[in-house]
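Construct the complete structure from the given sequences, taking the supplied hints into account.
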Amino acid sequence: MSSPVINQDMVQEVLSYLQASVIRKFRVMNKECNKRSYESWFLDLNLHRTNSVSGYFLQRYKEGGDKLRTSFIQERSDVRNNGVSIDFLPQGKVNIEACDASNGILLCVNDTGLIPEYIVCKPTTKQYQIIPNPKVPGRDKSLGITVVGLDPFRYKICRLSKSPGMNRNLRTFACEVFDSDLFTWKRLKNLRLPRTDGLILSKPVQASGFLHWRSRNNNVIRFCLKTEAWSFLHTPNFGVFPKLVRYEGKLGVIREWTNKDQEDVHGLWVLKSSFGKKWEKVKDIKSIWGKDDILWTPSNDAVTLCSWERVCFYNINTEKLDILHAIKEFASYGCFPFCSDYERVDLEEGRNLKGVIVKAAKFV
Numbered sequence: 013m014s015s016p017v018i019n020q021d022m023v024q025e026v027l028s029y030l031q032a033s034v035i036r037k038f039r040v041m042n043k044e045c046n047k048r049s050y051e052s053w054f055l056d057l058n059l060h061r062t063n064s065v066s067g068y069f070l071q072r073y074k075e076g077g078d079k080l081r082t083s084f085i086q087e088r089s090d091v092r093n094n095g096v097s098i099d100f101l102p103q104g105k106v107n108i109e110a111c112d113a114s115n116g117i118l119l120c121v122n123d124t125g126l127i128p129e130y131i132v133c134k135p136t137t138k139q140y141q142i143i144p145n146p147k148v149p150g151r152d153k154s155l156g157i158t159v160v161g162l163d164p165f166r167y168k169i170c171r172l173s174k175s176p177g178m179n180r181n182l183r184t185f186a187c188e189v190f191d192s193d194l195f196t197w198k199r200l201k202n203l204r205l206p207r208t209d210g211l212i213l214s215k216p217v218q219a220s221g222f223l224h225w226r227s228r229n230n231n232v233i234r235f236c237l238k239t240e241a242w243s244f245l246h247t248p249n250f251g252v253f254p255k256l257v258r259y260e261g262k263l264g265v266i267r268e269w270t271n272k273d274q275e276d277v278h279g280l281w282v283l284k285s286s287f288g289k290k291w292e293k294v295k296d297i298k299s300i301w302g303k304d305d306i307l308w309t310p311s312n313d314a315v316t317l318c319s320w321e322r323v324c325f326y327n328i329n330t331e332k333l334d335i336l337h338a339i340k341e342f343a344s345y346g347c348f349p350f351c352s353d354y355e356r357v358d359l360e361e362g363r364n365l366k367g368v369i370v371k372a373a374k375f376v
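Each residue of the sequence shown is one higher than the one before, counting from 13 in this note's numbering.
No wet-lab data here; the hints were simulated from the structure. Every residue gets a Cβ at the ideal spot worked out from N, C-alpha and C, and that includes glycine.
Label-pair restraints from in silico Cβ distances:
1) V252 with Y354: 36 to 44 Å
2) K332 with G125: 43 to 51 Å
3) E355 with N179: 41 to 49 Å
Under the rule of at most 25 Å between Cα atoms (straight-line distance), these lysine-lysine pairs were calculated in the DSS-like manner:
4) K298 with K272
5) K262 with K238
6) K289 with K43
7) K47 with K290
8) K174 with K238
9) K295 with K284
10) K105 with K174
11) K215 with K201
12) K272 with K295
13) K47 with K262
14) K290 with K262
15) K105 with K147
16) K37 with K284
17) K255 with K332
18) K174 with K153
Encoded structure:
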C-alpha cells in the first residue's frame with residue numbers, strides 16, 4: 013500500500029502560524045517544505061501571523077570612524093518600525109559588533125571606559141546582559157555570536173584577535189569562546205594560518221552551527237560552535253570579489269563577473285552539505301545599478317542590495333525593487349540582518365545571578 017501524498021499547501025499553511033524555531037525542525041524532515049519555507053511570500057506571511065519582525069540594523073560612520081547613529085529599517089517598506097532599537101542599552105559609545113540574525117540577539121560593545129563593556133541583548137524585548145570582557149592586547153578583533161539553545165536559552169561568542177609578535181611563516185590569531193551556560197571565557201589553541209594567506213577580520217557569517225570568515229586568498233575558514241574546532245574549504249574558482257552569505261540556512265558565496273553582453277552578474281553557490289566542502293551553483297543575479305553590493309539573501313527569491321545612495325529589497329522573480337532606506341549623507345555603513353519574535357529570553361535573570369562575575373573576568 014502506497015503512502016498518502018502530503019498536501020504541501022496545507023503543510024505551508026500550518027507552518028505559517030509557527031515560530032521560526034519550530035519551522036527549522038520541519039525543514040530538516042521535508043525537502044519540499046525546506047525550499048518553500050524560504051520563499052519570500054511564506055516568510056512575509058509567517059512574520060505577520062507570529063508577530064515577528066525582520067529588517068536590518070544600520071550603523072552610519074563619518075570619515076574617520078566616529079559613529080553617527082544606529083537605526084533599524086524594516087525589510088518590508090510598507091511596515092513601520094515597531095520601536096525596535098538599541099536605545100534601551102546603558103549610555104555610552106555603543107556599537108553593534110555581532111548578531112545572530114535568526115534569533116534576534118545582538119552583541120554590542122560600549123567603548124566608553126578603559127576596558128570596553130560587552131552587552132548581549134534582545135532589542136524586541138529590551139532585555140540585556142553585561143558579560144565579562146578579558147582584556148587582550150590590540151584592537152584588531154572579530155566577534156561572532158550564535159544562539160545554541162532556546163529552552164534553556166544559551167549562546168556562545170567567538171572572539172578572534174591578532175596575536176602580537178611576528179612569524180616568518182605563519183599568521184597567528186588568539187581564539188576565545190564565551191559560553192553563557194558557564195558564564196566565562198575559555199581560551200582555545202591559537203589559529204595559525206600560512207603567511208601567504210591570512211584571515212580577514214570581518215563580521216563572520218553564521219550558518220548551520222558554524223561561524224565563517226573569508227581568508228585573503230578567498231578561502232573559507234569556519235569554526236564549529238559545538239566541537240570548537242576549525243576547518244577550511246575553498247570557494248568556487250569563478251569570478252571575483254567573493255562574499256559570504258547565508259542561503260536557505262546554509263553557507264553561500266557570491267562571486268561577480270561580466271557576461272558576454274557586458275552585464276555585471278552575481279553568481280550564487282551554496283554548500284551541498286552543511287558539513288561538506290562541495291559547492292552547488294544555484295543562480296545568477298544580474299546587477300541592477302552596475303555597482304550594487306548584495307548585503308544579504310533574506311529568502312531564496314530575493315536579495316538586499318546596497319549602493320552609496322540606497323538600501324533596497326529586490327525580488328528576483330518579479331524584478332520588483334523596494335527602496336528601504338535612502339542614504340542622504342556621505343558615510344560608511346555597517347549592516348546587520350535581524351529577524352526576531354517578541355518572546356522574552358533568559359537574559360536579565362542571568363545578569364542578576366551572575367553579574368558579580370563581570371568585574372572579575374578571566375579565562376578557564
